[in-house]
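Add chain B to chain A, keeping to what the hints say.
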Amino acid sequence: MKDIVISGRRIARELWICAGCVLAALGVNVYAIIRFHTEWKELITTLHITLAVAAVFYAVLALLRGCVFGVMRAFRRKAA
Amino acid sequence: MGLAFNGNMDPELSSLSSLGPETRAQRREFLKRLAMVAGSSALLAELPWWSPLRAAPVSDSPSDRVRLGVIGIGSRGSFLLANLLRTPGVEVAALCDDYPPHLEAALAKVKGAKGFSDHRQMLDMPGLDGVLIAVPLFLHARMCLDAFAAGKHVFCEKSLAYSIEECQAIADAHRGSSKVFQIGHQRMFSPVFLRALELIRDGQIGQITQIRAYWHRNGNWRNPVPATGPDPSPFPSLERRLNWRLYLDYSRGLMTELASHHMQVANWFLGARPVSCAGYGSINYWKDGREVYDNVNLVYRYNNGTQVIYDSLISNRFYGMEVQVMGPKGTIEGETGKIFAENPPPAPGIVQLINEIEHGFFDTVPIGGPSWVPELKKDTKGSYLVREHTADDGTAISMAAFANAIRAGKPIPGMMEQACRAGVSVLMGHNAMEQQQEISWPEGFRE
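Residue numbers (the working numbering), protein chains in the order written: chain A, 64 to 143; chain B, 244 to 690.
Next up, chain A with everything else stripped away, as it sits in the complex (with noise of 0.2 Å):
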């Protein structure tokens, strides 16, 4: 069987993007508070939640990421 290694690069990238995610969660939650006048609160009290979407768009991330990936290698096989 072939052994996966995923470098420390690829890691600290994924991390990144998960760290993305969560702030565009939470700068939607902010949104959300602002536009339905709610409490502040929420930015703790849901955090569930914006976690659940932050999951969510890295989930959209990776299937957008895999379709370029996928895309770009079958130009190059072309190409070659």
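Worth flagging that the hints you see were computed from the coordinates, not collected in a lab. Be aware that one or more of the hints could be misleading.
Listed below are the simulated BS3-like cross-link pairs for lysine-lysine, each with C-alpha atoms no more than 27 Å apart in a straight line [claimed, not checked]:
| # | chain 1 | residue 1 | chain 2 | residue 2 |
| --- | --- | --- | --- | --- |
| 1 | B | Lys581 | B | Lys621 |
| 2 | B | Lys620 | B | Lys581 |
| 3 | B | Lys620 | A | Lys104 |
| 4 | B | Lys572 | B | Lys621 |
| 5 | B | Lys572 | B | Lys624 |
| 6 | A | Lys104 | B | Lys572 |
What follows is a set of in silico ranges between Cβ atoms, one per label pair, in the way DEER data are often shown [claimed, not checked]:
| # | chain 1 | residue 1 | chain 2 | residue 2 | range |
| --- | --- | --- | --- | --- | --- |
| 7 | B | Ala268 | A | Thr108 | 50 to 58 Å |
| 8 | A | Thr108 | B | Asp622 | 19 to 27 Å |
| 9 | A | Tyr94 | B | Arg444 | 38 to 46 Å |
| 10 | B | Lys621 | A | Tyr94 | 24 to 32 Å |
| 11 | B | Arg444 | A | Leu114 | 40 to 48 Å |
| 12 | B | Lys620 | A | Thr108 | 25 to 33 Å |
| 13 | B | Gly563 | A | Gly83 | 50 to 58 Å |
| 14 | B | Asn461 | A | Leu114 | 42 to 50 Å |
| 15 | A | Thr108 | B | Asp445 | 20 to 28 Å |
| 16 | B | Pro291 | A | Thr108 | 36 to 44 Å |
| 17 | A | Gly83 | B | Asp622 | 52 to 60 Å |
Sample of chain B residues lacking proximity to chain A, with all beta carbon distances greater than 12 Å (derived) [what the hints assert, rightly or not]:
| # | residue |
| --- | --- |
| 18 | Ala325 |
| 19 | Arg329 |
| 20 | Leu388 |
| 21 | Ser420 |
| 22 | Asp492 |
| 23 | Ala515 |
| 24 | Asn527 |
| 25 | Gly625 |
All C-beta atoms, glycine included, are put in the ideal place defined by N, C-alpha and C.
Same frame as chain A, now just chain B:
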């Protein structure tokens, strides 16, 4: 300080409602904690019948022991007996039933208890402090009066009596007496209903504008009758002895056997007695020779313009039983043990945003749709009145209160008033249906 039955109050008592004390030791611990609440709550000070529960915890000393007898050991009597046997400081010394199978079964459960077939002989038994009366309704008054005359403390199952005159006779006999009287309306001791009262007093539902109560079952309400059996006297037949609830000579049917519980709650929460009532009843399904109605519908009017609407039937159980206390700010359902706000607080902003996006994707676009939206029941989940529902509906606490009151030698304040108000209310309802006219609270009735 208010009652401590949910998470935002005294954590010591937050588990009170979830305790279904099964042994005497568990019950003793339960009552110790109950006494702490009873002694410290401002609301409980307004519930005079809780005052016996403030007594010091009972010990195993013989001087603390209360000796009781049970008259009538049918289905309800057996339930009360089982609770009594688990109540600390109580000795069941005598059992009485004129139906031998019931008496024999009960004596087999209680070691050392003396058996009687005549309640008067039991009342003559030396050393007996009090009696629990769980006999057919038409015998309540006779047995209560005999027990008072014999100097015994009395716990009488609901409803108070068979007629308004008999209710008055019991109240008169008890007035001025130093003996304890307690009625078997266990919701007076239910943590769920006490919490409901606390929220009502706190203005959580606003002014009570209507109470709606119902009790629905689907069954013939009959006990099986053996082909042969012991002498049924004083009943003319075994059928009438075992199914006394179905015959007007012994019972007032759904009103006295079921409605009395919810009418007691309604009168208690409104702090009043009904001015008058009107309604209809009939036998429209169980046409099997019974004499009591199998469906009843009544409206009770109170002084401040509030109405209590009650209905009961035994041919459909979809809605079960409930007492709904309604006000402009919310609704309390006592049996479910929930409160529903009219305008619940909005969902968190992020949830509202997600819902909005979801609706944008999946909702259909109305084109010339209906201008009127059906005002169907609100589908809100509400919140529980207490953290967990209890296995005890208040019966265990009420037994302890009765025993404590006997030990203290003081009548339970407010108890006869509650018994009379509920007992007379249901008899007014029965009379209104029988006479097909509005019936007023009996003039000159002294609670």
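Consistency of the hints with the structure:
A distance of roughly 14 Å separates the Cα atoms of B:Lys581 and B:Lys621; the hinted pair therefore holds under the 27 Å criterion. As the CA atoms of B:Lys620 and B:Lys581 are separated by approximately 16 Å, the hinted pair is consistent with the 27 Å bound. At roughly 32 Å between alpha-carbon atoms, B:Lys620 and A:Lys104 are farther apart than 27 Å, so this suggested pair is violated. With a C-alpha separation of about 14 Å, the suggested pair B:Lys572 and B:Lys621 falls inside the 27 Å cut-off, and the hint holds.
With a C-alpha separation of about 16 Å, the suggested pair B:Lys572 and B:Lys624 falls inside the 27 Å cut-off, and the hint holds. This hinted pair checks out: A:Lys104 and B:Lys572 have alpha carbons roughly 26 Å apart, not beyond 27 Å. Between B:Ala268 and A:Thr108 the C-beta distance comes to about 42 Å, which lies outside the given range of 50 to 58 Å. Taken as a hint, the range 19 to 27 Å holds for the pair A:Thr108 and B:Asp622, whose Cβ atoms sit roughly 24 Å apart.
Hint check: A:Tyr94 to B:Arg444, Cβ distance near 42 Å, so the stated range 38 to 46 Å holds. Taking the beta carbon of each, B:Lys621 and A:Tyr94 are about 29 Å apart, inside 24 to 32 Å as hinted. A C-beta distance of roughly 41 Å is found between B:Arg444 and A:Leu114, which places it inside the suggested range of 40 to 48 Å. Between B:Lys620 and A:Thr108 the CB atoms are about 29 Å apart, so this pair conforms to the stated range of 25 to 33 Å.
Checked against the hint of 50 to 58 Å, the pair B:Gly563 and A:Gly83 passes, with Cβ atoms roughly 53 Å apart. The hinted range of 42 to 50 Å is satisfied by B:Asn461 and A:Leu114, whose Cβ atoms lie roughly 48 Å apart. For the pair A:Thr108 and B:Asp445, the supplied restraint of 20 to 28 Å holds, since their beta-carbon distance comes to about 24 Å. For B:Pro291 paired with A:Thr108, a C-beta distance near 42 Å keeps the hint of 36 to 44 Å intact.
Between A:Gly83 and B:Asp622 the CB atoms are about 39 Å apart, so this pair departs from the stated range of 52 to 60 Å. Every beta carbon of chain A lies more than 12 Å from that of B:Ala325, the smallest distance being close to 46 Å; the non-interface claim holds. The Cβ of B:Arg329 sits about 43 Å from the closest Cβ of chain A, beyond the 12 Å cut-off, so the non-interface label holds. With a minimum CB-CB distance of about 62 Å to chain A, B:Leu388 clears the 12 Å threshold, and the non-interface call stands.
Residue placement check: B:Ser420 keeps its beta carbon more than 12 Å from all beta carbons of chain A (closest about 58 Å). For B:Asp492, the shortest C-beta to C-beta distance to chain A comes to about 63 Å, beyond the 12 Å cut-off, and the non-interface label holds. Non-interface status of B:Ala515 relative to chain A is upheld: no Cβ of that chain comes within 12 Å, the nearest being about 41 Å off. Under the 12 Å C-beta cut-off, the non-interface status given to B:Asn527 relative to chain A holds; the minimum distance is some 52 Å.
Once the 12 Å rule is applied to beta carbons, B:Gly625 is consistent with being away from chain A; the minimum gap is 20 Å.
The structure fails to meet hints 3, 7, 17 from the earlier list, while all remaining hints are met.
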